[in-house]
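Q: Following the hints, complete the assembly by docking chain B with the ligands onto the known chain A.
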Amino acid sequence: MVRIEEHKHLTENKPIEQAVLPARVVIPLLQHLGKTLDRVLVKPQDHVRRGECLATSDKGVFAPVHASISGTVSQIADFPHPVSGFCRAIEIEGDGKDEALDTMKPRTSDEVARLTAAELRAIVFESGIVGLGGATFPAHIKLAPAKPIEDFIVNGAECEPYLTADNRLLIEKSREIVDGIKLVARIIQPKNISIAIENNKPQAIRCMREAVKSLGWRVVVLKTAYPQGGEKQVIKSCLRREVPSGKLPFDIGVLVHNVGTVVAIAEAVYLRKPLYERVMTVSGACLENPKNLLVRLGTLVEDLLKQCGPMTREPKRIIMGGPMMGIAQFTPQTPVIKGTSGILALDEAEEKEQEESFCVRCGACVENCPIGLNPGLIALAIAKGRLDLAESYGIMDCIECGLCAYVCPGRRHIVQAIKAAKLKIRKQQNK
Amino acid sequence: MADKLFVAHAPHMHKTESIAGIMWRVNLALIPSGLVALFIFGPAALWVMASGVLAAVGTEAFIQKARGQKVTVSDGSAFMTGLLVAYNLPAHCPIWVAAAGSIFAIAIAKQAFGGLGRNIFNPALAGRAFLVAAWPKYMTTFTKPFVYDAVTQATPLSLIKEGKASGMVDLGLSYWDLFIGNRGGSLGEVCILALLLGGVYLLCRGIITWHTPVSFIATVAVFMWAFGSPEGLFRGDALFQILSGGLVLGAVFMATDYVTSPVTKKGQVIFGICCGLLTGVIRRWGGYPEGVCYSILVMNAAAPLIDRFVQKRRYGVA
Ligand code: SF4
Ligand code: SF4
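Chains as they are written, first to last, in numbering that gives the first Met the number 0: chain A, 0 to 430; chain B, 0 to 317.
One chain only, chain A, in its complex shape (with noise of 0.2 Å):
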């Protein structure tokens, strides 16, 4: 792990704000880790109201999507998708009212003390929430482990450079995310609750040490590197324990959630409000006005850089998530979705594309690689053609956080060459 540059200051003190209502949104059927949606419940001339449930599954692993404006359906075809290229998608023409649904009443705070814990899931279900840090696994799995659960780690280290949705959520979310916590610790019944946040945020750790201070919560403060923010790493950071080679979180009795999918929960049960809408940091260089943006799920990527301009000067990237792992766009047109934690708008000057040149050994992957590998050597394995090896070095484990090829001076593609390679190595297993 290493600090890096950060470009956090463009935004970490500019507060949520609420995007412009889009006119049109773009709701792609696949938003989470699992199996894209297969139960369509509108038709195109439908008309639909914000918090409707637009499509669903009836097994597997999966999350419900719901409209983020009122309007009519368009079409259902395929679009831009920010992760997979195309992926088919419900398109909503907007009708400018915002019409929510009628049942999205606020509960009573003694009709969410009756919910049981079976009933709180059903409602993480119901409202299609998944880890907004990025992974976008259903939330709903997450909170019906196998074995009962020990630790609970909140995350708000966001390492990513540039994001500052979390923090801000930190800091004016502070009361959901006590609330959020104290329903997830409702259905799982954890021993201890942490919240995990980088020392690069004093603010968002003072909010948060203040509203649960009579909790008996840790709040735990994390030396600023990337990726702290990792799931393995945070896990090892703040109960000095490691989760297994090839095992999961809760194999061990952990839980990890983000702050942001804490937030929604909270909301979900409270507000009855589904997953429609997130915060996002809108930023880079390009950009006269960064913002920490409340967006409707859906909006397209051009719609938020718009409401952050005026350009400096023509974008040459546009990256959607954090620039250490996040994906290149190739139009933006494409539509923010649930994992979407960030938009930036890069140029060239902090993009510039090297030329891949041999390994020199300078061990700059292997200090840095926060699980321990040789990224170097399991990249030059890669191409021998030998992922036998590769595999015997540890690929499996790797997290993908990219920090192998940031560091490299070589700039050799080293992440993305393992990222090629376990997929291989997957497909080979599943065979």
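Quick caveat, the hints were computed from the structure, so don't treat them as lab data.
A portion of the hints provided could be inaccurate.
[As the list claims (entries may be wrong)] Which chain B residues face chain A? A few, computed with CB under 8 Å, are given here:
#	residue
1	P10
2	H13
3	E16
4	L115
5	R313
Cβ coordinates follow ideal geometry from the N, Cα and C atoms, glycine included.
A: Relative to the frame of chain A, chain B with the ligands by itself:
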């Protein structure tokens, strides 16, 4: 905007350090020693350095051209090899000797293995070893400092080895003389002060870490203190051993060569200690007065082995 967007895989951000940047910084760090060599040995040193560098750069460019590869001499690594070859030579050796050393270093020790990153041995040291084998006479005739003429003077280490002197008093030298370079020796190794200046710069820029140089030098010091004196155990002159010969040049600039040393910090400490032990054994009991070059070369060959057995602990693996 849409048709001009650049799409590549993450990460979309890079540390600014490049291989060329690192190499040129090392060259920069070597400059003080070169300047001091001019001062100590006169213009002859300049010709040796120029010929070493030109031959190295020329050979690399020629081979890459001939193979139809991209010519990468601008990355500074051939320049560095040439300069280091020259630093390992007596200031008054014929300039063709420097050129021959550089040509061997680049053509055989580097390019024949596939170029930068694939060589097993430090090219400059391989070049030096070649010269010692091929033209031992030129390699062992050292000149007196501050005379600017080919008046020969043996190095302190060889005087001791040959039994012509047993310590600082016999040599008529002070530690200060050794520290600032007032002694016979290879042109780039004599001034410890200048070498340390470069070394500290590299440390501050994060290009090298303390692991290899410190473990190397400390091992030589302890070893020679313990076994260095024929008069018995623990009577050796550790400081003299550190300041003489090519130990500092080797430990700071050559044992730290990325390509030919281990990648982990732990591995580098082991590497440094082994280099130190070998140097000590050669200096004390071997056939040569100096052992830095050969110990590093031997350990270069062992570096892959060290990497194999000394790995970082993996997360989540018991
Ligand atoms: S090998 Fe994987 S875990 Fe290690 S630095 Fe590279 S991307 Fe991160
Ligand atoms: S950082 Fe790059 S050059 Fe250095 S060892 Fe790793 S792969 Fe090789």
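Q: Next step is simple, just say for each hint if it's right about the structure.
A: Each hint, compared with the structure:
no.: 1; hint: P10; result: holds, 4 Å
no.: 2; hint: H13; result: holds, 6 Å
no.: 3; hint: E16; result: holds, 5 Å
no.: 4; hint: L115; result: holds, 6 Å
no.: 5; hint: R313; result: holds, 4 Å
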